[in-house]
Amino acid sequence: MTQPNRIAWDGLQIDRRRALSFRFNGKTYQGYEGDTLASALLANGVHLVGRSFKYHRPRGILSAGVEEPNALVELGREGAHQPNLRATEIPLFDGLEARSQNCWPSLKWDLGAAVQLASPMLTAGFYYKTFMQPSWAWRHYEKVIRKAAGLGKAPTVRDEARYDKRHQYCDLLVVGAGPAGLMAATSAARRSARVILVDERRELGGMLLEESVHIAGQTAKQWVQQTLAELEALETVTVLPRTTVFGRYRHGKFGLVQHTEQGQVLHSVHARRAVMATGAIERPMVFSDNDRPGVMLAGAIRRYIRCYGVVPGRRAAIFTNNDSAYETARCLREAGAEVAAIVDLRERAPSVAGLDDVEILTQAEVVGVQGSQHVKAVEIEVGSKRRRIACDLLCVSGGWTPTIHLLAHGGKDTLAYDAAWGAFIPTCSEPVPGIHATGACNGAQSLVNILAQGIAAGEAAAEALGCEAATPVALPEVQHRGGELSPSAAPVCEVRGGRGKKFVDLQDDVTVRDLELALREGYRSIEHVKRYTTLGMGTDQGRTSNINGMRIVAERLGKRIDEVGTTTFRPPFTPVSLGALAGRESDRRLDVLRRSPIHDWHVRNGAVFMPSGLWLRPQYYRRPGHGETLTEAARKEAANVRDKVGIADVSTLGKIEVQGRDAAEFLNRLYINRCGNVGLHKARYGVMLREDGFVFDDGTVVKLADNRYLISTTTVNAGAVLSHMEFHQQMVWPELSVHIEPVTEQWAVVALAGPASREVLARLMPEEDVSNQALPFLGYREVCFQGVTTRLFRISFSGELAYEIAVPADHGLTLWEALLEAGEPFGIMPYGLEAMDYLRIEKGHLIIGTDIDGRVTPHDIGLGGMIRGDDDFIGRRSLQRPALTEEGRPRLVGFVSADGETPIPASAQLVAERWTGTPQDSLGRITSPGFSPVLDCPIALGLAEVEAEGGSLYAVSPLTGEQAEVTVTRPVFHDPKGERLRG
Amino acid sequence: MFYIHCPYCGEHREEEEFHPKGQAHIVRPKDPESCSDEEWGDYLFFRDNPRGVHHELWVHAVGCRKFFNITRHTVTYEILETYKMGEQPTITAETYAASAQPESEASQVVKQAGVRA
Amino acid sequence: MQRYSGFGLVKHALSHHENWQRQWRNPTPKKEYDVIIVGGGGHGLATAYYLAKEHGIKNVAVIEKGWLGGGNTARNTTIVRSNYLWDEAAALYEHAMKLWEGLSQDINYNVMFSQRGVLNLGHTLQDMRDIQRRVNANRLNGIDGEVLDAKGVQELVPIMDCSKNARYPVMGASWQPRAGVARHDAVAWGYARAADAHGVDLLQNTEVTGFKIRDGRVYGVHTNRGDIAAKTIGCVAAGNSGVLAKMAGFKLPLESHPLQALVSEPLKPILDTVVMSNHVHGYISQSDKGDLVIGAGIDGYNGYGQRGSFPTVEHTLQAIVEMFPIFSRVRMNRQWGGIVDTCPDACPILSKTPVKGLFFNCGWGTGGFKATPGSGHVFAASLAKGEMHPIAAPFSIDRFHSGALIDEHGAAGVAH
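Protein chains in written order, with the UniProt record's numbering: chain W, 1 to 983; chain U, 1 to 117; chain E, 1 to 416.
Hints are computed from structural coordinates only; laboratory data are not their basis. Note that the structure is a prediction, hence the values are computed from the model and not measured. Treat the hints with care, since some could be wrong.
Here are the simulated lysine-lysine pairs, DSSO-like style, with alpha carbons at most 27 Å apart [as the list claims (entries may be wrong)]: (1) 153(W) x 268(E); (2) 65(E) x 559(W); (3) 501(W) x 11(E); (4) 253(W) x 21(U); (5) 147(W) x 268(E); (6) 153(W) x 151(E).
Far from chain U, some chain W residues (derived; all Cβ distances over 12 Å) [as the list claims (entries may be wrong)]: (7) 147; (8) 247; (9) 253; (10) 258; (11) 265; (12) 630; (13) 899; (14) 922; (15) 961; (16) 976.
Here a beta-carbon is modelled for each residue, glycine too, at the ideal position from N, C-alpha and C.
Please model the entire structure based on the sequences and the hints provided.
In structure tokens form, the structure reads like this:
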């Protein structure tokens, strides 16, 4: 297979010995190691590679780099592909498979192109002016619009690629390994700075690779290699090719994404200083049908010839407003192509050696391009005369735009308009503190200046970093073959004549007419124009279109470009895959998963888990062979606790030890009920408020010893309570001597509950006296169980005679199994959260988060009576505010199903009248519905604006259609006097 | 992304180790009972929200768990200083405005884009 | 006002679109107006429009220091829904929803309000209970809503990973079919054009530098273009509200925080609903251009920097990639931070102030865009009558002293 556009050339970046085979749109081609997909396609004479976004116009390859607006392809097997990749950035590999996007049935015959017939109507913002009548029809119009939306297709299968993350720290980050960047890195590295040098391309050297130049007596390629070799020999230098610095964030932080054979690596680099050596990007010209395949940037042609040995045409025309494109003419001729004419907008052409026999037309314009799928000829206008020049390639140059995006990520104020460039450049060589701009991106034009600026930036950075002195890098001698050409451009980018569409933004199909329409309709701010026309909003972020667009807008408004201003620069510089940003921290690694020390036993014994904060807790136990539902299993477990005895793993409850001389005072100020005053070896139930007076958390406070307390928190709030305590200790009462330590993970805790629990405990610890006198309700004792310190609490959440037993976490399973063994004669069973819920609802115990939702005061839930004394505590003052004391606040009440049968629906609202579908005022809500075996009736807890017990309401769930008439009762259904838990 | 110096640990660490906790130097009234609803509401909810120098409270949550103060510019996000609890800032909105800081990123924002021809 | 229609578009195509009129004038400020609105974002423009249209008050100026719709209107993630938990908030957002439903026709500007439905995912039993509670409360208020199980969610969004293996498996969701998205810029432009047509002066690049206040009453504003008089002034200035309040001599309980967001490259449409998850602080929809629009969390610190940040986005994308594994290869195209002015109870302020004649509308947090028509409508009524509209009344500044906070934290959390 031949590559008709490939030529032999010295110093190429490709390896001709390694031919690669690849497929594009189903057809097989060949290229070489070192090619990009774009260079390989051009080598094979393929110019037509895509269709445009809005009009489905045929599009080719415009550029040779990240600025490419047109040549977007899908890479990879269909379904497992990556969409919207730029062919100019894809390194060729053997077996590569890529397809054009946004065309059907084929790239050549794209039915979507029929939209061009309607294009007179499809001006900027046309959709704002139509599709409004009749009002119901928009959803149908939208379906059609959505069919036309988007570029590539989303993949359909899970991504198997690997994404890694690295955090790095360096003295100096050098962005761009062109002449300036190489010099800056070398200068700083010689002074022992730790340097990271980054370039987005595989081959380093930047613009040097497309110029015909000798540096220090060597070819540019040799010089680059030698400079890199010197750098790479240093341990303090890291060179990262194929790595894009996509964002500059605050405080010297940069986001980098590196492409390797193994996958992508996201580097989060903290650099003490940075050098921006990001070069410049060429702008196209705006003229009639300037989007035809075969219209390419002049500098890109040089890169294709000098890096890849690819001559994209046999007979080229050149259209320019600056000198730099003349180098392309020389390059094309060296490569054996014919240069039909150079069309120069300006009055005078430069005298350029080696182009004596080329026709140069000054004050001339390209007014049309023929050949819809590939350039056949250009129409030019010189004075008033029109001419047709046959050619298969049109090289355009509208000047160069310094790549200042990363600088501007912190704000546009670092930039100023520069007339010579016709673009914005940094205001000075250190436009942001710690960030140096150097080389072309800092406005340097000749190579000598660029190299000198690079050295200066490296030196300045090293100096500022306080690096040791070293012999400065000498400015290498530069020899241009045939003289250096300036990128200074005439301040014109647009040709007024011509009949075709003049594209400003090729990717989003924004034309000059669109900009004019926006201005005509009163959109004046550049941000308005951008948003109304979508100028520069494509995946190329307007790298080739923004400046031209601003120039056209400025001209129409009669303003200067800098008065019009730029739009905001936002990261990323080039798109970054979501996978790379996510890294490996998705799926199971998204958050830690916490398991109790007894977790494995639960797994082995059929536990069904539910999450509780970061923890997994058994919801119920599905005993093998029983096939019980959740409700059946949980009712059985709960009944077993009421009738016999059960155990539950409550290790996940938060535990915090509070010690110190002022521990009691500290707790008194945090709880509404002066928990610091609890007696030695006693437990007290306590409630904490937020400073705004609403209930924050509850739990027990146990006085373990003098000046030493153990508090428990709800599972979910453990972290929040710790922070709450630390805040108050450090910020509000720093004078109190208190030490706070979270100990949740250090203990495994088992609740033992039920009428037989004392007997079980006695069997478990025969040497301990566990009688009601020796260990009364709310008592505490430290004991020894199997040789380890064990904490024994007599507290109850279920309302039964109950204990909590805490052992060091490692011994949790031993304790659990010993309890099961000791309880076996009494019919002991483990119970899960669901059963716990049944039990506590019957008892009227509340759960933070379920019954208490952040708008509830202690008075609302009947705990106002717990408040003791007149001393202050956190939240006390807030309780006195008018809205918290007013009559009619919803308060905690109990409900029973009025007919004793109808279940009370979950998450129900309470209303006065039977629900018929018409909106009603809510009188409150059911917080916890349940079933009471004791009453043999559905019961519930709820918060409601009700006056008296005995009243009747409707608990309704419009969602499910369920409703139940309910009778208001006291919020405790079982053992209201607490005889069982005290017995 | 912030790179924060913890005055207790004495080191610069990544933002992810810290949690912001709102405005610094909020003093809880010594005698809440004597506060009017107005005063108490102000203490609870009304905070400074300056465009510029702001003193704020942070906690080194996955470090030493100490609360400390940061003086930060809320537009440029420049951290001007960090200091321990009980200490007073050396940089305030007034001193900051008074001192011309030519080298700071903050002053850049104020600077208007000019023409460099 | 030149009327927009499909027919008009064809007609103008024939004249090469050269006869389209300006959508709004660029007037010089008058000496005095009946009402001044400070802030030319969506809410301010809507307020001006409804003042003129519903209350016949047409001598109105909207003063904007930058460009119209250049604040949070330009930087939000465009979600519209009304399924708020508490009655007060639900009433406000549902009022807005009803106006959204006829907005394009009312202002003759297609704001592309797309009622494609919003899913709020539940990942735990507690989430699901909260969702049921909220939907029941909504239904009682006449707001549409369903609860879907994991299978129902999967049917609606086939590309979502609803398997049980995920760290936060999808257990179900609330589903509000009438909710959706709208084209954010178009809302500002449409209101601007309609208000201008009623005679409202839209004064761009005009900055309020102070208020004229005498004896506790406002008489006008000082601006960089001179003094402008008005006895009724409504401030709708989002993140700048605190600065304005300070000028008027009082404080607001507002803090400004950056909210991180990003968009992907455009893809052929594959996600036709809005998916939100409070649990993992992320939400996602796909625009009519094909971009995936992803909202992340709020940065916890105060800030006015509209610059994208990193850790928040990383965390959100971890969750998005978990829920939508196929989006792993899709690429982020742009990230930014919007500045949201938040109240302690995650509800806005629509209120009179200690200064007579001066009204504030602010503190919308992450819920501003979706309320635009409703906020403008009730605020206009309040300005016209001098008394807060009943829907606006619970959102008074007084609540921060009386304790009558509304607290949508639990229900709304971060994701909007």
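Now the hints, each set against the structure:
{"no.": "1", "hint": "153(W) x 268(E)", "in the structure": "5 Å, holds"}
{"no.": "2", "hint": "65(E) x 559(W)", "in the structure": "20 Å, holds"}
{"no.": "3", "hint": "501(W) x 11(E)", "in the structure": "20 Å, holds"}
{"no.": "4", "hint": "253(W) x 21(U)", "in the structure": "23 Å, holds"}
{"no.": "5", "hint": "147(W) x 268(E)", "in the structure": "7 Å, holds"}
{"no.": "6", "hint": "153(W) x 151(E)", "in the structure": "25 Å, holds"}
{"no.": "7", "hint": "147", "in the structure": "40 Å, holds"}
{"no.": "8", "hint": "247", "in the structure": "10 Å, violated"}
{"no.": "9", "hint": "253", "in the structure": "4 Å, violated"}
{"no.": "10", "hint": "258", "in the structure": "19 Å, holds"}
{"no.": "11", "hint": "265", "in the structure": "18 Å, holds"}
{"no.": "12", "hint": "630", "in the structure": "37 Å, holds"}
{"no.": "13", "hint": "899", "in the structure": "46 Å, holds"}
{"no.": "14", "hint": "922", "in the structure": "26 Å, holds"}
{"no.": "15", "hint": "961", "in the structure": "41 Å, holds"}
{"no.": "16", "hint": "976", "in the structure": "35 Å, holds"}
The structure fails to meet hints 8, 9 from the earlier list, while all remaining hints are met.
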